Amino acid sequence: MKNPFRPKWLVRIDEDTIRRAIAEAERRTSGEIRVSISRYFWGPVRPVAERAFRRLRMAETRNRNGILFFLVPSRRRFVILGDEGIHAQAGPSFWTETAAALSGRFRKGEFTEGLAAGIRTAGEILAAHFPYNRATDVNELSDEIDFGKG
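According to numbering that gives the first Met the number 0, the sequence shown is numbered sequentially starting from 0.
Quick caveat, the hints were computed from the structure, so don't treat them as lab data. This one's a predicted model, so the numbers in the text were calculated from it and none came from an experiment. Just so it is clear, CB atoms sit at the ideal spot from N, CA and C, and this is done for glycine as well. A portion of the hints provided could be inaccurate.
Stated by the list, open to error - FRET-style restraints, in silico, Cβ to Cβ: (1) A58 x D13: 15 to 21 Å; (2) N138 x R106: 31 to 37 Å; (3) A58 x S92: 17 to 23 Å; (4) E83 x E143: 32 to 38 Å; (5) K107 x R54: 17 to 23 Å; (6) R75 x T135: 23 to 29 Å; (7) E23 x T135: 16 to 22 Å; (8) S73 x Y131: 31 to 37 Å; (9) A87 x Y131: 34 to 40 Å.
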């Protein structure tokens, strides 16, 4: 559903497309994917992303396999953070592949397409290390996009 009151800085993100990408990716993995989008702020992006990671309880999944895509569209910046289970299983190539899926599109201002591509890439890699098990999998974190500040 479109939000008629969404801020002007968000006009380039299609929320429905992103929610569908998250749901599709999570159908193949027990990993949990969240997106947090922040408006412009001064200073480094990573510490704000880390605060969002904690605030959204990303480290509280059973397999420690939560991943957060933190975006600041007005600055064309993003940070991808994952819990320790992802680091242990997927290794450093996970981050370079996932970031590459986003960055080319982001440079062109294609935020929805870039974010959806990053989510798909993350979902594919997570599925190899954290496969979906219908009998035991529970959606531990909301698929809704977070618009908090950090």
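The hints, checked one at a time:
no.: 1; hint: A58 x D13: 15 to 21 Å; result: violated, 29 Å
no.: 2; hint: N138 x R106: 31 to 37 Å; result: holds, 32 Å
no.: 3; hint: A58 x S92: 17 to 23 Å; result: holds, 22 Å
no.: 4; hint: E83 x E143: 32 to 38 Å; result: violated, 24 Å
no.: 5; hint: K107 x R54: 17 to 23 Å; result: violated, 30 Å
no.: 6; hint: R75 x T135: 23 to 29 Å; result: violated, 39 Å
no.: 7; hint: E23 x T135: 16 to 22 Å; result: holds, 20 Å
no.: 8; hint: S73 x Y131: 31 to 37 Å; result: holds, 35 Å
no.: 9; hint: A87 x Y131: 34 to 40 Å; result: violated, 19 Å
Going down the numbered hints, you'll see the structure goes against 1, 4, 5, 6 and 9, while the others check out.
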